[in-house]
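Undergrad: Letter by letter, the chains look like this.
Protein chains: 4
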Amino acid sequence: MKHKVQYYETDMMGVVHHSNYIRWMEEARIDYMDRIGYPYRRMEAEGVLCPVKSLQVSYLKPCTFGDEVEISTKVTGFNGVIISMAYDMRVGGEQVFAGTSEHVFLTREGRFVRMKKTMPEFCAAVERQMEQQEPANASEKE
Amino acid sequence: MKHKVQYYETDMMGVVHHSNYIRWMEEARIDYMDRIGYPYRRMEAEGVLCPVKSLQVSYLKPCTFGDEVEISTKVTGFNGVIISMAYDMRVGGEQVFAGTSEHVFLTREGRFVRMKKTMPEFCAAVERQMEQQEPANASEKE
Amino acid sequence: MKHKVQYYETDMMGVVHHSNYIRWMEEARIDYMDRIGYPYRRMEAEGVLCPVKSLQVSYLKPCTFGDEVEISTKVTGFNGVIISMAYDMRVGGEQVFAGTSEHVFLTREGRFVRMKKTMPEFCAAVERQMEQQEPANASEKE
Amino acid sequence: MKHKVQYYETDMMGVVHHSNYIRWMEEARIDYMDRIGYPYRRMEAEGVLCPVKSLQVSYLKPCTFGDEVEISTKVTGFNGVIISMAYDMRVGGEQVFAGTSEHVFLTREGRFVRMKKTMPEFCAAVERQMEQQEPANASEKE
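Chains as they are written, first to last, in the numbering used here: chain A, 164 to 305; chain B, 164 to 305; chain C, 164 to 305; chain D, 164 to 305.
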């Protein structure tokens, strides 16, 4: 997917504020779920939240207002309880950012959800995508 | 109340991005409700939301990272259905921003709430504050 | 232009936080300038900033995560010193937001710029667009 | 330092959006630099930027609107070229977040700066603080 950098995403360094990449990781996850046919909106409507457990990110090059950021995402691990994802962001082919995230699945009340039991359709969709995801950037196929 | 301007609130113009003043108006409203003894958290816990209906704002001077913004707020009108508020923001005594907002009261389902019936204690607290609010900046009295 | 509502733009009311519409107004202005062939990036590169002087906005309906917001923008007044714009936002054809903004033109040092003298090409582009802009939503022509 | 959670920092999960903790880490760094007597504003005024190179963060418990977050920060490594910091966030004594960040020092043109040569006073202030920083939370001493 692509994200066009907005003016309001810059800071007084003249480049994108680093917190926005964390938001773009979320955009990319939402896009990933749309692509596998199980929108995040549906997951929440069915009572499961998928909050972030941890992040590891590296800022490689600044990017700025007007840049078009190409974001690729893949699932790197999923055991039905924790899902791990990796992100690669590029501007004009050059990598600007790399990151990974881990997520858990919770009910609205905060209890852990075993996805294999609760949402087998989601699990199947993720596994199908994982098999296909070489190369990582699904948007290259569009 | 005071708001210390954060680095992440600036943009590439080198000053605060204009959308943040809208957020500071919200901070000031929350602070107002704390001061009158009816925290917004309590209002929501009791089932009433108070979304923004309209805003009118003027940006008078830029402010930037590290500035301490003094925000004063007052209720300028309240009929139990719509509440109107005015905001004045200053840095070092000089006005940087002026604004007004209007709000309605809704249930979680989106139905209008008549506050005089539903939350008479809130109405009484607002009215008490309106009588006292010369000068506007209640924090000067603290 | 269209804006897909992001999860990070929602708040605990379950809908878009009102400050984000102010940011979308900016997105729409940037898009407007792209459309008239004078990108805002170019304006700043040539030494002219165009900060917001005032806003007047009405929130008509909430919108939320996943909604696709159709934003139309037009210039409603331009005298070379102040530019006035109007915004209309719709989800599924239904209006959710209306707003106007006024902007000035400044050098990096904060001095007012007379655009007719400094950027006649920009002025001509705006005037050309104003003549064409019935209907307001240029994106309908795309 | 303390950060009072704002309504605009929540999302539709009903808790703070995870990108805000990244912003609070920045608040805590700025506060750290104020405390050691070398404000970040001064560093930038003297021509040195200190962008984020990497982040590693863990979200331990959600926090929400109205919570008062106690943030402690310490420098865990500094060789004059890269500075490493650690963050601990607590609400009511219970840890909600842990993170680390690495930063480099750059000129406005993007060249690396050797701080020992360029800003010896900053280096001395950091080293002084590192010696003192048991316990980590300097604000406990205030």
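FYI, nobody ran anything at the bench for these hints, they're computed from the structure.
Honestly, I wouldn't trust all of these hints.
Lysine to aspartate or glutamate pairs mimicking EDC-like chemistry, simulated, CA-CA at most 20 Å apart [what the hints assert, rightly or not]:
| hint | chain 1 | residue 1 | chain 2 | residue 2 |
| --- | --- | --- | --- | --- |
| 1 | B | K167 | D | E272 |
| 2 | C | K237 | C | E272 |
| 3 | C | K224 | B | E189 |
| 4 | A | K237 | A | E284 |
| 5 | D | K237 | D | E209 |
| 6 | B | K224 | C | E272 |
| 7 | B | K167 | B | E233 |
| 8 | D | K167 | B | E257 |
| 9 | B | K167 | D | E257 |
| 10 | D | K224 | A | E272 |
| 11 | B | K216 | C | D251 |
| 12 | A | K216 | D | E284 |
| 13 | D | K165 | B | E189 |
| 14 | B | K165 | B | E284 |
| 15 | A | K165 | C | D230 |
| 16 | B | K165 | D | D194 |
| 17 | C | K224 | B | E257 |
| 18 | B | K167 | D | E284 |
| 19 | B | K216 | B | E189 |
| 20 | D | K165 | B | E272 |
| 21 | B | K237 | B | E284 |
| 22 | D | K165 | B | D197 |
| 23 | C | K167 | A | E284 |
| 24 | D | K237 | D | E272 |
| 25 | C | K165 | C | E207 |
| 26 | D | K280 | D | E207 |
| 27 | D | K237 | D | E284 |
| 28 | C | K165 | A | E207 |
| 29 | C | K167 | C | E294 |
| 30 | B | K280 | B | E257 |
| 31 | C | K237 | C | E189 |
| 32 | C | K165 | A | E190 |
One-sided and incomplete, this derived list gives chain B residues near chain C with beta-carbon spacing under 8 Å [to be verified]:
| hint | residue |
| --- | --- |
| 33 | M164 |
| 34 | R186 |
| 35 | S217 |
Backbone N, C-alpha and C define an ideal beta-carbon position, used for all residues, glycine too.
Undergrad: All hints, please: hold or fail.
TA: Status of the hints after comparison with the structure:
1. B:K167 x D:E272: Not OK: B:K167 and D:E272 at ~28 Å, beyond 20 Å, violated.
2. C:K237 x C:E272: Answer violated: C:K237 to C:E272 is near 28 Å, above 20 Å.
3. C:K224 x B:E189: OK: C:K224 and B:E189 at ~19 Å, within 20 Å.
4. A:K237 x A:E284: 18 Å, holds
5. D:K237 x D:E209: 23 Å, violated
6. B:K224 x C:E272: 13 Å, holds
7. B:K167 x B:E233: 9 Å, holds
8. D:K167 x B:E257: This hinted pair is violated, its Cα atoms lying about 26 Å apart.
9. B:K167 x D:E257: 26 Å, violated
10. D:K224 x A:E272: Cα-Cα ~13 Å, so holds.
11. B:K216 x C:D251: 15 Å, holds
12. A:K216 x D:E284: 38 Å, violated
13. D:K165 x B:E189: Holds, at roughly 19 Å.
14. B:K165 x B:E284: 27 Å, violated
15. A:K165 x C:D230: 18 Å, holds
16. B:K165 x D:D194: 16 Å, holds
17. C:K224 x B:E257: 36 Å, violated
18. B:K167 x D:E284: Violated, at roughly 26 Å.
19. B:K216 x B:E189: 13 Å, holds
20. D:K165 x B:E272: Status violated; Cα separation ~35 Å.
21. B:K237 x B:E284: Answer holds: B:K237 to B:E284 is near 18 Å, not above 20 Å.
22. D:K165 x B:D197: Satisfied, since the Cα-Cα distance of roughly 18 Å is no more than 20 Å.
23. C:K167 x A:E284: 26 Å, violated
24. D:K237 x D:E272: Not satisfied, since the Cα-Cα distance of roughly 28 Å exceeds 20 Å.
25. C:K165 x C:E207: Since the Cα atoms of C:K165 and C:E207 sit roughly 24 Å apart, the hinted pair is violated (cutoff 20 Å).
26. D:K280 x D:E207: 16 Å, holds
27. D:K237 x D:E284: 18 Å, holds
28. C:K165 x A:E207: 24 Å, violated
29. C:K167 x C:E294: 29 Å, violated
30. B:K280 x B:E257: 41 Å, violated
31. C:K237 x C:E189: 13 Å, holds
32. C:K165 x A:E190: 16 Å, holds
33. M164: 18 Å, violated
34. R186: 5 Å, holds
35. S217: 5 Å, holds
In summary, the numbered hints that this structure violates are 1, 2, 5, 8, 9, 12, 14, 17, 18, 20, 23, 24, 25, 28, 29, 30 and 33.
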